[in-house]
Each structure stands twice: as C-alpha cells, then as structure tokens.
Amino acid sequence: MTEQHPLGLSIQNLTKRFKSDTALDDVSLDVPAGGTLVIFGPSGAGKTVLLRCVAGAIDPDAGQVLVGGEDVTDAPPEQRGVGMAFQNFALFPHMTARDNIASPLTAARQSKDAIRAGVESVAKLLKIDHVLSHAPRALSNGQKQRTALARALAGKPKLLLLDDPLRNVDAKLRFEMRLELPRLLADQGATVVYVTQDYKEAMALGDRIAVLNAGRIVQLGTPAEIYQEPATTDIARLFGDPTINLLDVTPERDGGGAIVRLSDQRLPLGPGFEQTIDHPCAIGLRPEALSFTEEADGVPVTVEAETPFNEKIVTLVTTLRGREILVSRPTGTPGPREGAARIVARPGAAVLFDRETGARIPPAPSDKAQTEAA
Amino acid sequence: MSDPILELSALNKFYNPGSRHQVHAVRDLNLAVEPGEIIALLGSSGCGKTSTLRIIAGFEEASRGAVRLKGREIHKLAPAKRNVAMAFEGYSLYPPLTVRDNIALALKSRRAAREEVEKRVAEIAHLLEIEDILNRYPSSISGGQQQRASLGRALIRDADIHLLDEPMGQLEPQLRALLRGRIKHFIKERGLTAILVTHDQTEANALADRIAVMEDGELQQFDAPDQLRERPANLFTGAFIGEPPMNLFTAQARAEGGALSFSLAEGVTLSYAEDAFSPELRALLNQQSAVTLGIRPHAVRIAQNGAENDVPEGARAEVYANQWLGDQSHVAARFAGGSIVSVEHDRTRYAKGDVIGVEIGVDDLHIFDANSGVAISHGGVVA
Amino acid sequence: MDHAPIWERWLRGVALILVVLFFMFPIFWILVMSVQTNETILRSPPSMAFEPTLQNYQALITGKLETQAGSLDIAFMQNLWNSVLLSVCSVALALVLGVPAAYAFARHKFRGSEDIAFTLLSFRFAPPLLVLLPLTLYFQDIGLADTYVGLIWVYQLICLPLILWIVRGYFEDISPDIEHAYRIAGHSWLSTFRRIALPLAGPGIAAAGLLAFIFAWNNFIFALVLASADKQPVTVGALAFVTASGIQYGQIAAAVVLSIAPTLALALYAQRYLVEGLSLGAVKG
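Protein chains in written order, with this note's numbering: chain A, 693 to 1066; chain B, 37 to 419; chain C, 390 to 674.
Hints may contain errors.
Stated by the list, open to error - The calculated DSS-like cross-link candidates involving lysine-lysine, where the alpha carbons are at most 25 angstroms apart (straight line), are:
hint: 1; chain 1: B; residue 1: Lys388; chain 2: A; residue 2: Lys816
hint: 2; chain 1: B; residue 1: Lys388; chain 2: A; residue 2: Lys819
hint: 3; chain 1: A; residue 1: Lys711; chain 2: C; residue 2: Lys498
hint: 4; chain 1: C; residue 1: Lys620; chain 2: C; residue 2: Lys453
hint: 5; chain 1: A; residue 1: Lys804; chain 2: A; residue 2: Lys816
hint: 6; chain 1: A; residue 1: Lys848; chain 2: B; residue 2: Lys388
hint: 7; chain 1: A; residue 1: Lys892; chain 2: B; residue 2: Lys388
hint: 8; chain 1: A; residue 1: Lys864; chain 2: B; residue 2: Lys388
Calculated directly from the structure, the hints in this document are not laboratory data.
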C-alpha cells in the first residue's frame, strides 16, 4: 500500500466573489485523512459554494484546494477523485437507479462484470438492491436519497462530499440515517466533508465542526467545544433546541467573585470572571442547564406555558422583570405547570458574552486550572 | 364536561366523486372540541387533516356529515359568516397592505376604535416579535416573518375558533421554542379555542391539549399527548408519535414455569415474572401466535457492561452509534436482528463496538397484534 | 360550489362554438374551394351547391393546367420538393449550430452573453426587407443568389433564433447539479453534454425543431426575392396561378391545402411538445 498523505483535504485561503457578494472570504481548513469535518451554517453562509469549489463545479477566485496532498485547484471535476451527494439528490432522471449508481464505474471504464458487482455491493449496503431497475421518479424520497449516496460511494473516492444529504427526507428517515451514516462512512475509509444546517447532524457526525457565517469560518472545534464554549452569541443560538437563553446582565462584585442578578437573586459566575464586573454582558444559559428547585435561593419566576418536546418538557417562565427564560427537563420528571416557581442553574453552566461584540468572555486564564479541577 | 364548542359528526369528503380518480379524503370523522382547548390534527401529507380544516373554515364543502360551531350548523354557511379565524399555510397576506394593516384588517372592518386597534396590534406584534416590520410590505420580508404576520392576523381576531394551518413550519429555528411557549400562553390566557394542522409531531406535542392522529382519511386516535405516548391505540400511532421513534420487534410470547418470555429474532429472549402481567392479558397472549413489541427509546436502559457474566447472552447488544446532541445522547445498537435506540439525558461514553446489556422493564413494554396492529397491552395491563 | 349553473355552462358552449367557427372557417372555405372549378367559386352569391371535382389537384400533380387560354405548365411538384428540401436542411443546420450555442448561453454566463443572445433574437423582430436588400446584392457578388445553399443560409435568420431561445430555456431548466454529478462521477464535459444535457432537453429540441420547420415552410418573402422559379417553395409557387387570363382560385386553394397539409400534420402530431416548448421559450425569453 502506498503511504497516505496525512491530510485528506486541505483548503487554503479560498475566496470566491459573485459580482459584489463575497461568498467565501479567505477560508482555510484541513481535514485529516479518514476524518469527518462538518461544515455548519445558516443558509447563504457559503457552505454549498465551498463544497462546490472543492468538487470543481465552481472555480474559486483565489486560494488552493489539495486533495490527498495533490493540488487540484485547476483540475476539472472528473479528475479530482471525489464523490459527492447533493441535497436535491441530482439523480439522472433518464437512467435507472442501477445506471445512476454505475456512473462513476463506467467513467473508470471498468468491465461489465466489475460494474455489476460494484453496484450491487454498494446497493446492498444501502438496502436499495431491490429497486435498482427503477427510474428515479419511481423511487420514494428515502430511496432517492440512498441512491444518491450509493452513487457517491460507488467509485470508492478518497474524498466524499455530502451536501446536506438528509435535508429532503422525512424526520424518521433522517434520524435513522443519522445513526447509520457514521458506520457507513467509517467502512469506506474516506475523508468526509459533510455540509448541514441541522445542528444535531453536525454534532452527531462531525469529528470537528466548522461554523461558517457570511463566507467566513467563525469557529472550528469539536462538537463539545462548540456547544459548551460557543465563540459568539450567534453561534450559541445556532446550536441547541430549544435555543439557549441569552439575558442582558451586568456582573457585580459580591464578596470575592463576580455575580449576576436574576429576579434579584444572586447567581455566582464562578472564578475567573472578575474582569467582567460592571461590564455590559449577556449571559447564556442552556435550557437543560436550568432546573426547578424548592430551595429559597432559587430565582423566583412565573410559569407561562409548558410545551413538551422530544422526550423533554420545555417550560417558558418569566422573571420578576418579565424576562423570558426556557427551562427543559426530561419527560417523566416532575415540575410546576403554572404559577410561581423557582429555578436554579447548574454550576459552571453559564457562558458569558460581551454585549457589544457578542464574543464569548472566557474565564481569566490564571484561574482556568482551578475551574477544570472543580 | 361543558358542551363542545365545535362538533364534527360523520364528516366525509370525496374528491372527484363518482370518477375513476375518486379520493376518500376524510372518512366518517367524529370530533368534539371543548371550549378553551388546543387541538392538533396530526398526520403525514394526504391524511385528510387539511381537508378537515378547510371544511371547518368553509373553503371546501363536506360531502356528508355536519359541522356545528357553538351549537349552530355552519357547514352550509359562507366562510365569512362562520366566525372562524384562520392562518394559512401559504400565509396569504394581502400584498398591497403593510404588515400592520394586514393584522389590523379584521378589527378595522368591524369598526373597532382606533386606540383599541393600535393597542391590540402592538400586543400581538410584541408577542410574535414583528414590531420592527409592522410598516413593511409582505413582499419585502422573509418567509418566517410572513408566517408570523399571518399568525398575528389570525390570533388578533375575536373568533369562535382559530384555525392554524402549519402555523410554525417556516419559523426561524431559534425562535420556535420561545414562540411556542408564548403562543400557548396567549391562547390559554384568553381562553381561545384553536385547531392546528401539522405534520410535525414536535409542534403538536408542544402546543396541543389533545391530538387527533390521522392517516389515510381516518382518525387513528384522539387523545392527550402523554396518553398517545404511553397508551397508543395501535401500531401506527405508536410508531408515528415519539422522537426518536419507538423501537419495534416481532416476537412470540410463551408462558413457562412461572415466567412469561418473548422470543425475538436471533435467539434473543426477554423473560419476565408471570405475575407482572394481568391474568386477562396472559390469556390474551396465549392466543396470539406473533406480537409486535414496542419500546420507547427513553425506556431502554443500558446495563453498563454487557460483556460481564451477569448480563444474559440474550440481552446483549453491540453499539454502532453513540451520538451526543448537547442535551441528549442517542445510542444505537444491534439487537435481535435489528437495531435498538436508547435516549439518555447525559453524555454517555459508549463507543462503537462496545457490547452493552439491554434492560426493558415490563412497565415500558407495549404489545401490539402483529397482524392488525391493534394495541394489546401497555405495561402489563390490557389496553 | 364545484358545479356552475346550467345557463353558465350553456353560455360557455356558445362562446366556444363561435371561437371555433371564427378560426376554422377559412380552413373550411379553402377546402371547399379546392374541390370546385373557377366558375362555381366565382358565383355570386356563393353557394354550397356544386359538384365536387378533383381536377384542381389533378392539375397540380400532373403539372398541366388547362385554361380557356390554353394549356400551361406549372411546377407545383417541384415547388413542393423545394419546400421540403429547404425546410429540412435549414432546420438540420440550425439544430447543429443552435443546440450547442443554446447550451453555451444557458450554462456559461460570460460578459455580454445576454446581449449576444438578444441580438440574435432581434433578427426575428427586424422587417425581412431590411435584411433582404443588402443580402440580395451581396449574394449576387459571391454567387449565392438563386442557390439552395444561399437560401438555407438566409433561412437561418428564421430557424436559428427560434431554436436558440427555446432550447436555451430547456437547458436552463436542467439542474446544473445533475451535470455536476455526472462530471464528478468522472465523465468529461463532452460526454456530459451528450449523455445528460442532450437527452434531458430532447423534448425541447424536438419542439424547437418542429416550430422552426413550420416557420421555414411558411416563409414567403426570402424565397420570393432570392430564388428563381426552379428553386421556389410552394408559398411563392402559388403565385404562378395568378395568370394573364385570370386568377386560378381553385388551383390556389388546392395548392394551399397541399402545402399546409404537412405542417398541419406535424403540428397536430406534436401539439403537446409545441405548446410546452413555446410557453417555456416565452417565459425564459
């Protein structure tokens, strides 16, 4: 076996403009061979343009694309050795599912028998071997999606580009495929770039997630880093359902450390936040980090409405000053349905942001070791 | 219970009646809505939910059956005379009017005082976070904003019943959870009665007091959300409600030496003490050759280390995915020839290839007739 | 709600009949004229009482026209053949040139591409004489006047813009992702054009071809100016029946019937494609 280049994909300073719009602004990314990188962002962030630049369907204005260490920036799509699955499936409507899946194999001029065997093995893997003779319009949405995936996998590409492949299938199927995909991709051994707008897919599938906004990478990290230490309030709001609670606060000095007040109750911020005292901030509290309490030091709130949600119960409460907070708890655990209640935050769960810039304020480094020990 | 505010009796709707393409969109639907209730009509596309809503609103004529609102028969009345408010799936905002005028139109047309109109528009706009777009025209705002404006136009009215067709499908995801809470509070506080049509069970679960699950024009079950989850009437409802979906396995029940056991595929057996099941249910199970077992993902308990000796071989499963979503973990494992999914509310450490032990309590076992799909029992008691 | 009242349906029926009469009457009248002699045609007032005759058709097919003034040679069958030759060759050439051009305009937006495409279409708006006058002079200089090649060339003014605009709409309708997918699978752009774009735009290309054929067939002015008797298509050839001894209405009618028959048959056969192709072209254009 030839030695594999350590980087399955390397994108360097990629820039793309459409007339006056900047779709990609100096994007650089490395994906280790065999790794999975998720590109996540709202629609219009440039995710699809980025993927197309890698596939060769769009020519970038500046920057390089290296696949397995080889510069393919100027190579046509057919010479890049990538496989791609499209959000709208992009199946060839005038060909059967079999011919669709076979297209990378016919391009490689394989023998008839090799093509047949190749198609059938990947079709079996994706459980569509019984519909191979159907035309795309005779396939269900789920089967179309699997056919598109099979076509991308059939050529055994070293780099697999998946453009929001689960977008157009129903919730149940999306859930099943989300659980199935990692195993499927691991078996292929390919480097994977996965584009999605669904934060759950991003968290579930990515070794790392690149959050793209307005053509720039605004955060790159593991799912845990992005969920627990979002770089900005915008990113914090994109991950998590129900959305993170963001409340304007101004930390105060209280004894040794910094605290914030909610409904006149003290909420200690923990060590390392002394520098934020008297600075206008926003505090981020995830709904699952909040819970109802009987203790007298809980934050007094009024329960407005209870909305059950995916094995969770989400409660909308308002503080004494009318600020709205969402609190969630697992289904089956008790909680108030109406009237007055008190809530408490899990220690260390609060994230602090600068109110002006929206950037996260990390705890002061000198105390970081201490925080981790706690 | 008080008299129902809305009553559908033996409602039927045929499209293209008499022709080859006849479609029986709504089949003998009976439904009674209590005053102040929020009802969801839930089902996949083509299940008849939207037809039902349009019949209530008066945009479609019922082929057979009656619609009674506050005791009056309204199914022969023109839509404008029924006193119902509706938010349309396609928004249907009036393009030449600003968002403000769209919302205020119904109040203005009944000559409400100007101060009152202004006050109520401001209140609705605050609720739906559309204060800053009140003076814009529908064509210049995003889909999510149009949907909120359309919701506002329906909610502001003093109608006998509010009909909401896919009211939140296009909402910005970051706003959805918050608006659900606010809208539910708004409806409850004013004692409004609402019917929402949706294909999204998350929305139905979050908002509705009772959900009517429909499939193929037929009402499958009409019950409170927790009842639908804990006591599904049939396999369809059981599999349809719940996210992640219910784990399903085909099994044979056998009573032997004080134990009742279920044999699943690949030699997997679930055994329970006989007296965990009511005698009535045991008799029923005796007559069944095959049943379908349903277990909710959150009821699947994982015994830490399945390779240990104390886990019986039949209850072992091999993890193939463990996905942490921030607030939940979804663990999927190979089990009994299929897969079993467990939801944990913490971050779990299982890795691909780990062997785990699967525990399913009697209380969490749903048993369905394998042929008809009708529920036989929930938690050891006959359904 | 679904059922309109009786009087409304009745009124709709009457309106429909009126419209059909208005459009169908000329065709019907031509058919009637073509089976009458000049004498019965010219009766006043016109009457439907006559003995049908096939002598007009006979004269056209044999090429001998008998009048009071004597026998006259007519070249109608030659004209028919010219029409077929000119139309088929023009459409074929326009397809060869126009389809790849349409693909280029649909897929590769370059600076000025929209202007070029519009300029090509604008030939359709210009009065034909504007083009014809200079062309006649040039064609005589370079020896293309009164040749099939020259006529086919000029006919491109009719066929090419039509094919370009209709087919371009069809190509634009194909999701670029489908082509990208085929290329990423490892196929060259040429093979992508042949295996994906062409088959998927097939119905559009067929519609455009048919339409171009009909327009070419019905053309009158180009052939009138640029072709002599032996190269003339039927549209011009029918003029031969305006003779010194009078206008041969019967033969003209028969000639018209014969010359619209192929296009009418084609149009009826491909009606669905045509409407689709035309409306698409209209929207996209």
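Checked hints:
1. With a C-alpha separation of about 22 angstroms, the suggested pairing of Lys388/B with Lys816/A holds against the 25 angstroms cut-off.
2. Proposed proximity of Lys388/B and Lys819/A is supported: the alpha carbons are some 21 angstroms apart, at most 25 angstroms.
3. The hinted pair formed by Lys711/A and Lys498/C meets the criterion: a straight-line CA distance of about 12 angstroms does not exceed 25 angstroms.
4. Of the supplied pair hints, the one linking Lys620/C and Lys453/C holds, its CA atoms being roughly 19 angstroms apart against a limit of 25 angstroms.
5. Using a Cα cut-off of 25 angstroms, the hinted pair Lys804/A and Lys816/A holds, with the two alpha carbons roughly 18 angstroms apart.
6. A distance of roughly 23 angstroms separates the Cα atoms of Lys848/A and Lys388/B; the hinted pair therefore holds under the 25 angstroms criterion.
7. Between the alpha carbons of Lys892/A and Lys388/B the distance comes to roughly 19 angstroms, so the proposed pair stays at or under 25 angstroms and holds.
8. For the hint linking Lys864/A to Lys388/B, the alpha-carbon distance of about 22 angstroms falls within 25 angstroms, and the restraint holds.
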